[in-house]
Amino acid sequence: MDGTLTQRIAGSPARQVVAAFTLLITLGTTLLLLPVAVDGSVGLGVEDALFMSTSATTVTGLATVDIATFSLFGELVLLALIQIGGFGIMTVGSVLALVASRRVGLRQRMLAQAEIGAIDIGELRSLIGAIARITVGVEGTLALVLFFRFWRGGHEDNAGEALYSAVFHAIATFNNAGISLYSDNLAAFLGDPIVVGAVTLGFIIGGLGFPILVEVHRRRAMRAEGHHRALQLRPWSLHIKITLLATAVLLVVGPLVVLSFEWTNPGTLGPLPLGDKLLAGWFQGVTPRTAGFNTVDIGAMNEPTLFIISALMFIGAGPASTSGGIKVTTFAVLGYVLWAEIRGERDVHLFRRRLSPAMIRQAVTIALLSIGVVVGMSLILMASDGLSLTPALFEAASAFGTVGLSTGVTGTISTFGHLMLVLVMLAGRVGPVTFATAIALRTDARTYRYPEERPIIG
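Be aware that the sequence shown starts at 107, since it is given in my numbering, and climbs by one per residue.
Treat each hint with caution, since some may be false.
To be verified - For lysine to aspartate or glutamate, the following EDC-like pairs were computed, each having C-alpha atoms within a straight-line distance of at most 20 Å:
1. K383 / E409
2. K383 / D290
3. K347 / D453
4. K383 / D403
5. K347 / E321
6. K383 / D453
Worth flagging that the hints you see were computed from the coordinates, not collected in a lab.
As the structure is a prediction and not an experimental result, all values here were calculated from the model.
Input sequences plus hints: build the corresponding full structure.
See the structure below:
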């Protein structure tokens with residue numbers, strides 16, 4: 107096979123991913139343009155239909171129109187886009203990881219297989235099946251909890267409406283979409299520990315990523331079959347350890363920051379009783395990395411809080427999950443690289459494992475490119491729409507992180523700004539996955555090395 111054909115095959119998965127999401131967005135836009143998709147005689151314009159279709163497909167949650175604009179048909183279109191987009195990215199992650207493991211050498215294949223727990227490409231069907239079972243199981247359980255709360259709590263008029271609302275929010279939660287059927291998002295449930303707890307648990311699980319979910323699923327199956335000895339000989343992968351550690355740290359830092367900066371803010375947590383204040387602070391501290399739901403007015407938050415939330419949206423959650431951002435593993439690797447450099451260590455170590463220079467370069471590359479996208483989008487919004495730095499940066503980070511939180515400026519942005527946000531949402535959804543895979547597939551090394559020289563750094 108010649109080099110050109112090899113490169114074409116290696117590049118095709120990334121192109122197919124972008125093409126598939128583009129096709130789904132186009133289909134969603136067409137359906138939302140139908141008069142039956144909205145309540146009233148005036149339908150959506152192309153701009154709003156494209157934006158809402160992209161937001162749902164990329165499970166972002168940013169909106170140019172109120173959710174009340176849509177009819178039942180329009181809501182079902184959005185729900186289908188969320189489910190297909192969320193499940194699709196997890197499936198795409200598994201496919202690309204397996205493709206990468208087949209395209210590289212034996213050593214790299216073994217590393218990739220250790221990361222995702224797969225043996226070879228023949229396991230693709232069972233892998234996707236496991237993802238589907240986990241998705242249905244989590245969404246079903248979450249819908250059941252929300253149904254009883256919406257119905258018995260008096261939030262819906264009857265059981266049918268409560269069931270529909272529960273299913274919609276369960277799917278939006280697990281897929282980290284942040285889209286709610288209520289115009290005020292989840293503000294009505296600010297002090298409801300059952301709804302807040304269920305939604306929080308749902309989007310945290312969805313944000314862990316398929317490698318962790320599938321590995322946990324398989325280990326439970328092995329334990330049920332009595333393979334205890336095999337479990338002892340099969341330690342948790344480095345990927346799972348990094349993801350869980352970084353997630354745990356951010357789940358603590360986020361709420362602490364929100365509570366610290368918003369404790370006395372009269373527009374957010376200030377007027378609330380202690381219990382509601384703690385619950386709202388927890389929710390708004392954990393949702394920015396993934397889901398994008400809100401129980402308080404984001405636009406009323408203090409600027410330091412908005413800046414930290416922008417950083418959390420930029421980081422995101424686990425790789426091959428329903429979230430965007432650079433991913434917590436990239437963030438953690440960069441943190442360990444910084445710590446090793448400060449200590450003057452030659453290698454970067456995590457959990458008694460050494461990171462390869464190639465992985466470190468990959469993390470740095472993804473982070474720098476992502477910073478370029480967010481900064482560039484912020485400059486565009488400031489130049490084209492006259493936004494100040496904080497709301498522009500917040501909107502750009504929300505779009506790239508596919509979070510969906512907004513200070514309230516989304517609907518006021520110009521057509522050009524909306525089109526650019528559409529591109530950023532698509533890049534935030536498929537960019538890190540396809541780009542990381544492209545790097546993994548580029549395994550050809552130079553047959554020569556230039557002389558080494560050290561420029562002055564810093």
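K383 and D453 were given as a pair; does the straight-line alpha-carbon distance stay at or below 20 Å?
Answer violated: K383 to D453 is near 44 Å, above 20 Å.
Is the Cα-Cα distance between K383 and D290 20 Å or less?
holds (18 Å)
Is the hinted pair K383 and E409 satisfied, with a Cα-Cα distance of at most 20 Å?
holds (19 Å)
Keeping to a limit of 20 Å between CA atoms, is the pair of K347 and E321 held or broken?
holds (12 Å)
Does D403 lie within 20 Å of K383 when you go C-alpha to C-alpha?
The hint holds at about 13 Å.
Is the hinted pair K347 and D453 satisfied, with a Cα-Cα distance of at most 20 Å?
holds (19 Å)
Of the numbered hints stated above, the single one contradicted by the structure is hint 6.
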